[in-house]
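**Student:** Here the structure of chain E is known, so what remains is to put chain H in place on it, guided by the hints.
In order, the protein sequence lines correspond to chains E and H.
Each residue of the first sequence is one higher than the last, beginning at 1 in this note's numbering.
Each residue of the second sequence is one higher than the last, beginning at 1 in this note's numbering.
Among the hints, a few may not be true.
To give an idea of the interface, some chain H residues facing chain E are shown, with a C-beta separation under 8 Å as derived from the structure [claimed, not checked]: (1) Pro-18; (2) Tyr-33; (3) Thr-390; (4) Asp-424; (5) Ile-624; (6) Gly-658; (7) Ser-673; (8) Pro-685; (9) Val-696; (10) Pro-757.
Simulated from the structure, these hints should not be mistaken for laboratory data.
Using N, Cα and C, we set each Cβ at its ideal position, and we do this for glycine too.
What follows is the residue order along each chain.
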Amino acid sequence: MKFILNDRVVEETSLPSDFTALRYLREKRGLTGTKEGCASGDCGACTLLVGALEAGDVTYSTLNACITPVQSLAGKHVVSVEYLAELGDGLHPAQQAMVDAHGSQCGFCTPGFVLSLAGLYENAAVKEQGLNRESVCDAISGNLCRCTGYRPIIEAGLAMEGQQGHLLSQQDWLKAALADLDNQALATEYLRPNSLAQALAAKRQHANAEFIAGGTDLMLENTQRYKDFGVLIDLNNVAEIRQLGEQGEQLIIGAGVTYSELEDFSKTSYPQLYNLLSRIASRQIRNRGTIGGNVANGSPIADMPPILLAFDADVRLDKADGSSRVVTMSEFYLGYKQTQLADDECIVAFHISLDKLAEFHRFYKVSKRMEDDISSVLLAARFTVNEGRIEDIRLAFGGMAATPIRAQVAEACLQNVAVTDDVALQQVLQALREELKPMSDMRASAQYRLDMACSLVRKAWLELNGHTVPSFSGHPVPESWLALGQEVGQTKGANHA
Amino acid sequence: MRKLPDNLVTAQDDKALPIHESAMKHVTGQAVYIDDMPEWPNELHVATGKSVEAFADIVSINLDKVKAYPGVVDVILQADIPGDPDVSPVLSGDMLLAGDFVHYIGQPIFAVAATSLRAAKQAVELADITYQSKAATLHPKDSLARQEFVLPTHTISCGDSKAALAQAAHTLSSDLYIKGQEHFYLEGQISVAVPNEDGGVQVFASSQHPAEVQKLVARVLDLPVAQVLVETRRMGGGFGGKESQAATLGCMAAVLAIRNRCPVKYRMPRQDDMVQTGKRHDFWNSYQVGFTQQGEIVAAEYDMVGKCGCTADLSDGVVDRAMFHADNAYFLPNARISGYRGKTHTVSNTAFRGFGGPKGVLLAENIIEEIACKVGKDALDIRKLNCYQTGKDRTPYGQQIEEDVLLTLIEELEVSSDYRARRDAIKAYNQQSPFLKKGLALTPVKFGISFTSKHLNQGGALVHVYTDGSVHVSHGGTEMGQGLYTKVAQIVAKAFGIDYQRVNVGSTRTDKVPNASPTAASAGTDLNGMAALDAANTIKERLREFAMEHFAIAADAFAIESDQVILGRETMGFPEFIKLAYMNRVSLSSTGFYKTPKIGYDRKAAKGRPFLYFANGASVSEVIVDTLTGEYKVTQVDILHDVGDSINSHIDIGQIEGAFVQGMGWLTSEELSWDDKGRITTNSPANYKIPTSADVPEKLTVKLFDRANSEESVYRSKAVGEPPLMLGISVWCALKDACASVCDYQLSPPLAAPATPEAVYYALQSAKAYQAGAKAAEQEGQEVRV
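Isolated chain E, as found in the complex:
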C-alpha cells in the first residue's frame, strides 16, 4: 500500500493488518512528534491531518492515529506535526499562534492541538470561512490538555484568523502525486474492496475476518486488549454503503457514512439530529466513525440506535449470495452486544420515512461531560400529532437496558391522548419507572438513569406543548437564556413539528 507521508510517497508491503498509524510513525519512521496519550482515541495527542483527493481537490480532516490502521490511509496524504513548518517560511500559523498565546506547558498534547488547529486553518482558508470560538472548540473537541485550562489554546485558534500561507492543499505537486498512487495490486491481510459484492465475497472467504470502516470501536480490541487481528476488510471504498440523501419518500443513510458527513448533511434540514451529532464523541472520532459501525457493534450506550428506533428505521442487510433483507430497528437487537447481523452479512443502509422525520421529535443526551462523552441516558422521542391529539409516539432510549430500547408500555400511555393531558404524562412517567430497569455503573446510578428517563420525557412533552425548555450543549449558553426577562420556559404556542 502507498500513501504520501508529509512530503514523500511511502510504500509498505508487509505490515500487519492492525498496525496503527501511530506506531507506524513512531516506530517505523522515527516521527515521534505524534504522541500516545491513551491509545483509545480519547485524548487527541496522536491527532494527524489526513488529506483525500475528492473531485479534484484535496480536503483535510483530523483523526486519531492511535486507533487508525495505517493501511486504511492508503492513497491519502498523511500530515504529521514535523511537516507543518516546512510548508512555508517560519512556523505554520497554528504553531506560531500557539507559541504567541503561551498555549503549551508540558507540551505533550501540543502536537495534537497544533494539527487540529492546522486542519481548522486549512479548511477555513479553503472555504473562506472566518474563525470563531465555536469552530475552534469544535476543532479541538477531541484534544485534552491537562496543563493550560485551554484559554490560551482557544486564543491561539482565534489568532490564526487573517494569517496566510502554509496551506497544505495548495502545494503544486500534491494532487498529481495523490492521483498517481496505485493501491490496486497490493494485497495483504488488509483488504480494500471496491464494491459491496467484493466485500461480502471477502468476508465469506476469510471466516475470521472483520469488517472495518472507521475502526473507532473495533481497534480498541487491538490497542486496549492487545488482540491481534487477522484479515481486516476495509469498507471505506464501498460506494453502496456511502450513500446519503433523500430518495423518494425516504432518507437513506448509508452504513458507511461518517458522523461528520451526516452532521454536514443535517445542518440545515434536521437541526435536532445536527445538535445531537455534535454531542457524539469528538471531531476526530466523528471524522472516522460511521453510523453503521455505531449500530452494528450492538452497544446499549450507542447514540444513533435510539434515534433510528424513534423513526422506525429499516435496516438493509446484504449477503454474499446476493440476497438482501430488511429488518426494522426494533427487531435488530437481540441482547447485550447481540444483533440480527449474520457473520456473512453487512449493513448497507438505514431507511427513514421522510414523513416521520417531519413529525415532532426531540433528542436529549445526558452525560458527565458535554463534549466527547458516552451517554448516561439518551432519549429520542417522536410524536405523531393530529388535531391536538397524540396519534403515535416513540420513546427510544440508550443507556437504559442491555440494548437500545423503546419503552413500549410508556408509549401506550400517550397513545390517543390530548397533547396537553398532563394526567397522561404522569401515567407515562409512572410506566417508565415500572418498565425500565437500568443498571448502575461508573457513568450513572440506576436511580439517576430512571429519573432522567422521566425528566427527558417530560422535557419532550413540555416542548411539544410549546414551552421553550433549554438543553445545554458543548456550545456556550445562548445569551437569551442568560438574560432576565427572556421567555425561557414560557409557552409560545403549540409546536408540533
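**Tutor:** Coordinates of chain H only, in the frame set by chain E:
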C-alpha cells in the same frame, strides 16, 4: 548575606518576558519525551501481572505459559530482586512486586521483559495465580470504624472547642465525602534503564523526584547510590502523580536491565497507569461548627479521614496538609482538627497538586455556604466576617498570618467582578426562570508554602559560565510544564545582568545536583531559583573581585547591566570580560544552596510555623443549572491571585488558569469510581472525564494581585503551582448556591463532590423537598392559627 535586587521583573514590559523555554520545540514536535528517545536494538519492554484480588494471600503462581510466550525474555518475582524490594518513598510497605500477599486490585505480582510491549502485555495475561481471599476494607468510613490506619492519627487544636460549641448560638453538624482525582498527565508513567560498564545503571525517568528514583534504584539493586544516575529532561505533566510513584518504573526497569544486561523500557499504557498508580485521596470529613447569630464561627470540630490506600506512601503529609488547610481563610478561635490515615485495600494514594489542602479548603467553604443559609446572609458576608484579619490572625496550629492580604484581595475582587450587582440580578433571574437557575460564589484560598517535612525545604544548583559568556545552569528541580526552567534561567540572567538568551538550563541529573528534593509543594522556583541565584551570586562576586584587582576599581564601580560589564568608566561585553577572567584563572563555576528560613512545626505540641508564607487568591464563579437534569454550564469566572512579584506573568497566569480548570474538573466531571470488589471502574479517558475546551467559560478573567512577598523569597515572588487549584472550589460552591435557590436559600442542600449532573440533580431534589416541607409546615401553622 545575599542581596535581593530591587528592580523587579514585573516592572518590565510583559511582552519582553521569555516564552516557555520549550515552546518552539513543543509546537514542532521536537521536544523529546522519554518514549521518543531512539530505542536500542536489544531494548526490552516491561509489563506486569496484576492482582485481581483486593486483599488475599497468594496460594500459588504458575508462570509457565508466560515464560513460553514468544518474545518473552525474562520473568521476575519479588524473590528475584537483588536488593530490598521495598520502594516506599518515606516509610515502608510499597513492594516493587508483591510477595506472599496482595492488598489492592492491580498490584504487580510479577514482571515480564519482552522484545515488544505488545508481547509483554499479551504474555502477562497467561499467568495462573490462585489466591486465598480475605475481607477487604474499601471505604475510609470502614477504616475509621475498624481503626485501620496506615499511620497514627494527628490532632491540632486551639482554645476549647467543646465548651465553645456548647455555648454557641447555632451549631451545624454533618459530613462531606470528597472524592479523589486521577492525575491524567498526558504522558503516562515511563522510565528507561541502561546498564553501564561498572555494574551501575543510568535511568531516564519521567519523575518529579529523580534523587528518590536514584536512591530506590540503588536500594532494589543493592548498589551504592553513586552507581546510579537518574536524568529527567521533562515530563509530559506530573501534578504530583510522578512525585513518589514514578520510582516504581525506574526500579523495575533497572532490575530487569541489570539482569538482562540490556536497556529496558517500562512504559505504562494508560489503563495500567490509571489502575496501578495512586490518585488524589478521597476524604471523608465530618464536622461540627458553632457560630453566632451573625454567622461568626466560634468553634469547629473536624474529623478528616483520608483514603490512603494500602500503604503510607506520602499520606502523612497529605493528611497533615488537609488539616492545615481546614481553616482555609477563616479564623477558628476554638478548634479541634483530627486527621486519620485510613487504610484501604486500594492502590496507595499519593501527591496531587494541593496535597490534601483542597480537601480542607472545600470543607471550610462548604461550611461557609451552610452557615450563610442558616443565618440568612450572603455567603460572601460570612466569608468576610470570618476572614483572617488583624486581631483574628492565628491559625489553629499557632502560625500567625503576618500579611494583611486576604481581606483586601477578596474585597478588590468583590468590586472588580461586580459581585453584588450580579447577586441581585441572579436572584431576580431565579425567581422568574422555571427551569434554569443561576448560582454565584466567591471563594478565597490561603495556601501554606513550604514542605511540611522540614528537611525537604532545601534546594541545590550548579552554574557554569563558559568562555564565550554562555551560562549553563543545573538545579534539582524538574520541568513538568510549569515553566521552572524558564524562571530559573530568568533568575540567573537577572543575577548576572546578562541577556536571558545566554542562559541554558540543562536537564535535571542526579550527578549534577545531589540529594535534591522533589519538585513539589509549589516550591520549585522558591528552592531551586534561590539556589541558582546563590550560585550566580558567588560567581559574580568572584568576577567583582577580579575586576577590582585587574582594573584597579572600587567594588561599587563594577556592575553588569543589560549584558554590559561596567568597569568604572569603561564598559566591556560580557563574553570579552569572561574570557579575560578565564585567562586570569578565575573560577567560573559554582554550586548554590538554599534552605528555607524560619520554619518549624513541633508535631508533639501540634504547634509551630510549618510555612514560610501563604499564597492567596480568590475566584468568583457563576453557573447556570438545568433543574430538569442537573446539567450545568459555568458562564463566568473572575480570578484575582497573589503571586507576589511575578517573575514571569505569562507563566504565572498559565499556572493559575490551568490549576483553576483542573480544580474545576476535580469537582465537576471527574469522578473516580470503584466497584464493590475494590476494582477501579474509571480506568480510561472513555469513562473518566477531565474538562475539555468547551467546559471553560468564554468569560474567564485572571488578574495578578499586585504586591511583593513580605518574606525574602526569590525576587519577592510567590509559589504558584498548587494554590490556584483551589479556586475551582468557587464552581462547586456556585452550583450549591444554584441548588439552594430552589428553596429560597433557606438551606444549602448537601452536594456531593464531584458535583456531576447527577449530584446536582439530587441536591436540587433535596432542596425542593425541603421547600415542600417548609411550605407544608407553613400551611399547617396557618391552619392552626385560623
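**Student:** Holds or violated: is the Cβ of Gly-658/H closer than 8 Å to a Cβ in chain E?
**Tutor:** holds, 4 Å
**Student:** Do the numbers back the hint for Ile-624/H, that is, is its least Cβ distance to chain E under 8 Å?
**Tutor:** holds, 6 Å
**Student:** Per the CB criterion, is Thr-390/H less than 8 Å away from chain E?
**Tutor:** Thr-390/H check fails; min Cβ-Cβ to chain E is 35 Å, beyond 8 Å.
**Student:** Should the hint that Tyr-33/H touches chain E count as held when the rule is a Cβ pair under 8 Å?
**Tutor:** At 6 Å from the nearest chain E Cβ, Tyr-33/H passes the 8 Å test, so the hint holds.
**Student:** Taking 8 Å as the limit, does the beta-carbon of Ser-673/H come near enough to a beta-carbon in chain E?
**Tutor:** holds, 4 Å
**Student:** Interface hint check: Pro-757/H, Cβ to nearest Cβ on chain E, cutoff 8 Å. Holds or violated?
**Tutor:** holds, 6 Å
**Student:** Pro-685/H was flagged as interface toward chain E. Is the shortest Cβ-Cβ separation under 8 Å?
**Tutor:** holds, 4 Å
**Student:** Next item in the hint list is Asp-424/H. Is there a CB on chain E closer than 8 Å to its CB?
**Tutor:** violated, 10 Å
**Student:** Does the closest beta carbon of chain E sit nearer than 8 Å to the beta carbon of Val-696/H?
**Tutor:** Nearest chain E Cβ about 5 Å off; hint holds.
**Student:** With chain E as the partner, please determine if Pro-18/H meets the hint condition of a C-beta pair closer than 8 Å.
**Tutor:** With Cβ-Cβ at 11 Å, over 8 Å, it is violated.
Of the hints listed earlier, those the structure fails to meet are numbers 1, 3, 4, in rising order.
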